[in-house]
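J.: The residues making up each chain are set out below.
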Amino acid sequence: MSMRALDVLIVGGGLHGLSAALHLARAGKRVTVLERSWVGRHASGASAAGVRTLNRPLVELPISLEAMDMWHKIEMIVGNDCGFNAGGQVRVAEDAKDLSVLERRFATVQGAGYHHEELVDRAELLRLVPAISPHCVGALVARRDGAADPHRTLLAFRRAAEAAGVSINEQCGVTAIERAGSDWRVRTEGRDFVAPVIVNAAGAWAGEIASMLGDNIPLGLKASMMMVTERVAPLLNPVVGVAGRPLSFKQSGQGTLVIGGGLQGRADIKTQRSFVDFDELAKGARAAVDLFPCIRFVRIVRTWAGMEAKTEDHQPVIGASPNGNGVFHAFGFSGHGFQLVPVVGAILADLILHDRTSRPIEAFSAKRLMKREAAA
Amino acid sequence: MSRRVDLLIVGAGPAGMSAAIIARRHGMDVLVVDEQIAPGGQIWRNVDAVSATSLGAVLGKAYTEGADVVSRFRASGARYQPRTQVWQVETGPKAFVTCGGVATAIEAGCLLLATGAQERPVPFPGWTLPGVMTVGAAQIVLKASNQIPEGPVWIAGCGPLALIYAVQLLKSGGQIAGFLDTTPPGRVSSNISKWAKATLNAPIDLMKGMSWMAALQRRVPFVRHVTEIEAIGSEKIERLRYVTASGESKVAAASLLLVHEGVVPTIHPTLALGCQHIWNSDQDSFAPELDTWGETSEPNVFVAGDGAGIGGAIAACLRGEIAALRIAAKAGHISDAKAATAAKPIRMRLKRALAPRAFLDSLYRPRPAVFMPTDTAAIACRCEEISVARILAQAGTGHPGPNQVKAFTRAGMGPCQGRQCNYTVAHVLAASEGRPVPDVGLYRVRPPIKPLTLDELSTLGTGGAAS
Ligand SMILES: Cc1cc2nc3c(=O)[nH]c(=O)nc-3n(C[C@H](O)[C@H](O)[C@H](O)COP(=O)(O)OP(=O)(O)OC[C@H]3O[C@@H](n4cnc5c(N)ncnc54)[C@H](O)[C@@H]3O)c2cc1C
Numbered sequence: 037m038s039m040r041a042l043d044v045l046i047v048g049g050g051l052h053g054l055s056a057a058l059h060l061a062r063a064g065k066r067v068t069v070l071e072r073s074w075v076g077r078h079a080s081g082a083s084a085a086g087v088r089t090l091n092r093p094l095v096e097l098p099i100s101l102e103a104m105d106m107w108h109k110i111e112m113i114v115g116n117d118c119g120f121n122a123g124g125q126v127r128v129a130e131d132a133k134d135l136s137v138l139e140r141r142f143a144t145v146q147g148a149g150y151h152h153e154e155l156v157d158r159a160e161l162l163r164l165v166p167a168i169s170p171h172c173v174g175a176l177v178a179r180r181d182g183a184a185d186p187h188r189t190l191l192a193f194r195r196a197a198e199a200a201g202v203s204i205n206e207q208c209g210v211t212a213i214e215r216a217g218s219d220w221r222v223r224t225e226g227r228d229f230v231a232p233v234i235v236n237a238a239g240a241w242a243g244e245i246a247s248m249l250g251d252n253i254p255l256g257l258k259a260s261m262m263m264v265t266e267r268v269a270p271l272l273n274p275v276v277g278v279a280g281r282p283l284s285f286k287q288s289g290q291g292t293l294v295i296g297g298g299l300q301g302r303a304d305i306k307t308q309r310s311f312v313d314f315d316e317l318a319k320g321a322r323a324a325v326d327l328f329p330c331i332r333f334v335r336i337v338r339t340w341a342g343m344e345a346k347t348e349d350h351q352p353v354i355g356a357s358p359n360g361n362g363v364f365h366a367f368g369f370s371g372h373g374f375q376l377v378p379v380v381g382a383i384l385a386d387l388i389l390h391d392r393t394s395r396p397i398e399a400f401s402a403k404r405l406m407k408r409e410a411a412a
Numbered sequence: 132m133s134r135r136v137d138l139l140i141v142g143a144g145p146a147g148m149s150a151a152i153i154a155r156r157h158g159m160d161v162l163v164v165d166e167q168i169a170p171g172g173q174i175w176r177n178v179d180a181v182s183a184t185s186l187g188a189v190l191g192k193a194y195t196e197g198a199d200v201v202s203r204f205r206a207s208g209a210r211y212q213p214r215t216q217v218w219q220v221e222t223g224p225k226a227f228v229t230c231g232g233v234a235t236a237i238e239a240g241c242l243l244l245a246t247g248a249q250e251r252p253v254p255f256p257g258w259t260l261p262g263v264m265t266v267g268a269a270q271i272v273l274k275a276s277n278q279i280p281e282g283p284v285w286i287a288g289c290g291p292l293a294l295i296y297a298v299q300l301l302k303s304g305g306q307i308a309g310f311l312d313t314t315p316p317g318r319v320s321s322n323i324s325k326w327a328k329a330t331l332n333a334p335i336d337l338m339k340g341m342s343w344m345a346a347l348q349r350r351v352p353f354v355r356h357v358t359e360i361e362a363i364g365s366e367k368i369e370r371l372r373y374v375t376a377s378g379e380s381k382v383a384a385a386s387l388l389l390v391h392e393g394v395v396p397t398i399h400p401t402l403a404l405g406c407q408h409i410w411n412s413d414q415d416s417f418a419p420e421l422d423t424w425g426e427t428s429e430p431n432v433f434v435a436g437d438g439a440g441i442g443g444a445i446a447a448c449l450r451g452e453i454a455a456l457r458i459a460a461k462a463g464h465i466s467d468a469k470a471a472t473a474a475k476p477i478r479m480r481l482k483r484a485l486a487p488r489a490f491l492d493s494l495y496r497p498r499p500a501v502f503m504p505t506d507t508a509a510i511a512c513r514c515e516e517i518s519v520a521r522i523l524a525q526a527g528t529g530h531p532g533p534n535q536v537k538a539f540t541r542a543g544m545g546p547c548q549g550r551q552c553n554y555t556v557a558h559v560l561a562a563s564e565g566r567p568v569p570d571v572g573l574y575r576v577r578p579p580i581k582p583l584t585l586d587e588l589s590t591l592g593t594g595g596a597a598s
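Those protein sequence lines, which keep their order, are chains A and B.
37 is the number of the first residue of the first sequence in our numbering; add one for each residue after it.
132 is the number of the first residue of the second sequence in our numbering; add one for each residue after it.
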């Protein structure tokens with residue numbers, strides 16, 4: 037019997053693939069990442085990189101809060117601060133109606149025993165974000181939240197993974213997967229790879245990979261858009277979102293304003309290209325100038341859309357495959373998976389090394405989505 | 132608020148105006164948009180107002196000739212919308228524009244991009260210092276507001292525009308501290324065969340070039356075959372260092388340095404549209420791949436003028452006319468056969484107009500340091516202040532393409548959207564990886580192709596009500 041050269045094959049060189057690779061390699065596994073384009077080509081490189089627990093669904097809070105602790109010591113984990121700035125996240129209410137929505141959220145979170153969110157009045161909001169339009173009436177705040185730099189994060193996870201012995205193959209797209217005894221044989225545009233364990237972290241294309249492995253998981257597609265302006269003088273430190281409006285607004289370390297908020301562009305999953313829809317993006321510009329009237333004449337220099345898989349309940353799929361032995365999924369982050377990157381890698385390492393994890397991940401099972409499909 | 136026109140022409144230069152005239156002749160509904168305040172494009176900028184003045188005499192016949200095309204364009208019945216910036220073009224075709232602070236979309240049966248050329252960026256140590264600018268920018272100021280720089284000017288570069296501007300500057304009473312001709316030696320003799328073909332077909336143009344050069348050599352310090360330049364100063368340029376053909380390094384006081392190393396087609400719009408491009412090795416630049424009518428790989432999107440490959444004003448007019456014939460035929464205004472017949476004599480004239488190109492391209496081909504600065508401390512991306520050395524260092528880790536270099540160094544992320552550094556990054560990666568430049572390619576273009584303000588974008592779809 038020939039010795040296996042590989043323990044784990046990871047499909048997808050986005051942040052989730054890299055994080056899983058890093059945790060597994062540090063635990064002594066021989067790991068190879070297969071990436072069709074280049075590391076960070078899709079959601080991870082296009083991300084707003086908001087590191088946010090604020091307003092997350094309750095089921096995600098346990099792992100999200102753990103991830104937040106990891107972000108606060110990210111330099112110890114990957115050897116670089118990833119441009120993480122814990123300037124806080126702020127969710128603004130523009131009127132009494134929106135404020136009552138925030139109040140309800142606050143009550144729910146407190147009721148569930150979480151204390152990372154805080155309700156602040158107009159005076160405190162203006163202190164936190166002096167540039168904000170004075171019509172705003174209050175906000176929900178998570179002071180330990182913040183944002184990172186997606187490219188520095190990618191570089192840091194890549195370097196840490198490689199230093200731990202991970203082999204990263206770019207321009208290496210997976211075209212087919214079949215069983216080879218108790219192993220999986222993964223065919224790519226180039227050579228074949230064989231390993232007993234596969235991690236499916238293929239982002240927008242994770243549904244395709246899942247079906248190659250025997251899981252039929254219905255997935256939608258997101259093509260969230262971003263815009264970035266020229267550099268301006270320091271304007272704000274926290275990341276600002278708004279209740280009831282498509283806006284997420286922050287200033288990068290370079291001084292550019294980075295504006296997103298989940299407005300959807302168009303995506304073509306086949307050609308792997310995504311397109312900005314300017315009629316939609318105009319809504320984001322309107323929200324931005326309404327909230328920050330002082331930036332009206334700042335120039336937009338770049339816009340883009342990034343592709344990611346979306347599930348029906350907007351919760352990710354994290355865990356072992358129901359049908360494929362030795363197959364583990366991590367995808368469907370539905371537009372908010374950046375913050376979870378450090379912890380999801382740890383969860384996958386738990387599952388692959390020990391067959392279980394102490395973290396609550398029941399809500400993220402692939403089965404929940406497949407059952408619904410069967411019933412339909 | 133989306134408008135619809137049969138033909139949208141972007142750019143009211145020689146190509147755009149000529150196309151509009153022909154398309155109107157065949158009864159099409161034509162809209163021409165341009166960011167300038169008057170028709171004419173780069174070469175005939177402001178010619179309406181200037182041709183009969185003393186400035187017109189300074190700028191010369193090749194300039195004042197434009198007045199005739201402009202007046203025919205004005206009389207053609209094409210709608211003309213000046214002060215209008217096109218900031219995005221999409222399949223459809225569809226263009227997004229801003230005018231007076233309001234953004235709108237225009238849907239077109241056909242889109243003709245007649246957006247001309249841009250000056251080739253020339254990275255060298257100190258090129259980002261205030262007091263260093265391009266010859267083209269200086270000439271815009273002359274044409275638009277009849278202003279010349281105060282005090283003596285250094286001009287460094289290669290190509291007809293540097294020579295023409297130097298002559299125009301002297302005629303307007305300006306002073307030239309010195310002209311540093313960066314054309315490498317032996318260019319005329321090594322291109323004798325092309326020269327013969329060129330002179331046979333268009334003697335006047337070439338004789339003009341020769342006479343400018345002779346005039347300059349008589350009147351200003353003229354240093355030939357300069358190999359390197361450097362601008363030195365703390366807040367602005369104070370001194371200029373240059374290296375002569377014999378390898379001697381010289382330093383001179385300088386308060387203004389104008390540089391020019393030729394022009395390259397403007398391809399941001401066709402890149403944004405995802406059109407196919409080809410590498411033009413004679414002109415060391417990319418150009419959109421076009422059929423014989425100027426249609427790109429994207430249906431109903433045409434390119435005419437210098438944007439199709441540098442050919443000069445006469446060729447631009449003719450290419451505009453040829454494209455307009457095909458566009459009229461596609462829209463059913465004339466038959467294909469009629470369009471082909473009408474295009475025949477124009478194609479003959481185009482061939483003659485382009486005949487001197489091969490010679491001019493090899494005569495004025497920039498020296499290697501223009502593409503890849505010898506001093507790697509030179510800035511490549513001026514928006515983000517990223518040096519050539521930083522790009523080289525990034526190239527050393529793996530085999531990144533331009534997009535990865537952009538992501539990791541921020542080169543190309545500034546307001547110019549990579550127009551100033553895309554070729555430099557391609558050349559640096561090509562040299563360090565031993566690959567040809569066309570293989571490396573350029574940055575993926577991310578919209579908008581020209582910056583617009585948040586306020587302008589916020590008006591899109593509201594008819595200006597949000598403003
Ligand atoms: C515009 C935008 C803004 C966002 N903002 C935030 C935010 O503020 N906060 C937050 O927490 N999250 C945010 N997100 C979400 C977050 O970025 C993603 O959840 C996260 O990056 C997903 O990482 P991934 O590794 O799963 O996916 P990806 O980075 O997309 O990686 C998947 C990789 O798989 C590769 N692949 C696919 N098929 C194959 C194949 N057959 N063979 C080989 N490789 C293959 C792809 O090429 C790709 O590189 C945002 C997302 C976008 C698009």
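Think of the hints as simulated: they come from the structure by calculation, not from any bench.
This one's a predicted model, so the numbers in the text were calculated from it and none came from an experiment.
Do not take every clue at face value.
Claimed, not checked - Covered by chain B, per the in silico footprint, the following chain A stretches (three or more residues, Cβ under 8 Å): (1) 70–82; (2) 109–117; (3) 333–340; (4) 351–359.
Backbone N, C-alpha and C fix where the C-beta goes; we use that ideal spot for every residue, glycine too.
J.: Each hint should be assessed against the structure and marked as holding or not.
T.: For each hint, the structure was consulted:
Counting residues of the segment 70–82 of chain A whose beta-carbon sits less than 8 Å from any beta-carbon of chain B gives 3, enough to reach three: the coverage restraint holds. Coverage of the segment 109–117 of chain A by chain B is violated. Counting CB-CB distances below 8 Å, 0 residues qualify, and the rule asks for three or more. A count of 8 residues in the segment 333–340 of chain A with a Cβ less than 8 Å from any Cβ of chain B is obtained; the coverage claim is therefore met, three being the minimum. With a threshold of 8 Å between beta carbons, the proposed coverage of the segment 351–359 of chain A by chain B is violated, since 0 of its residues qualify and at least three are required.
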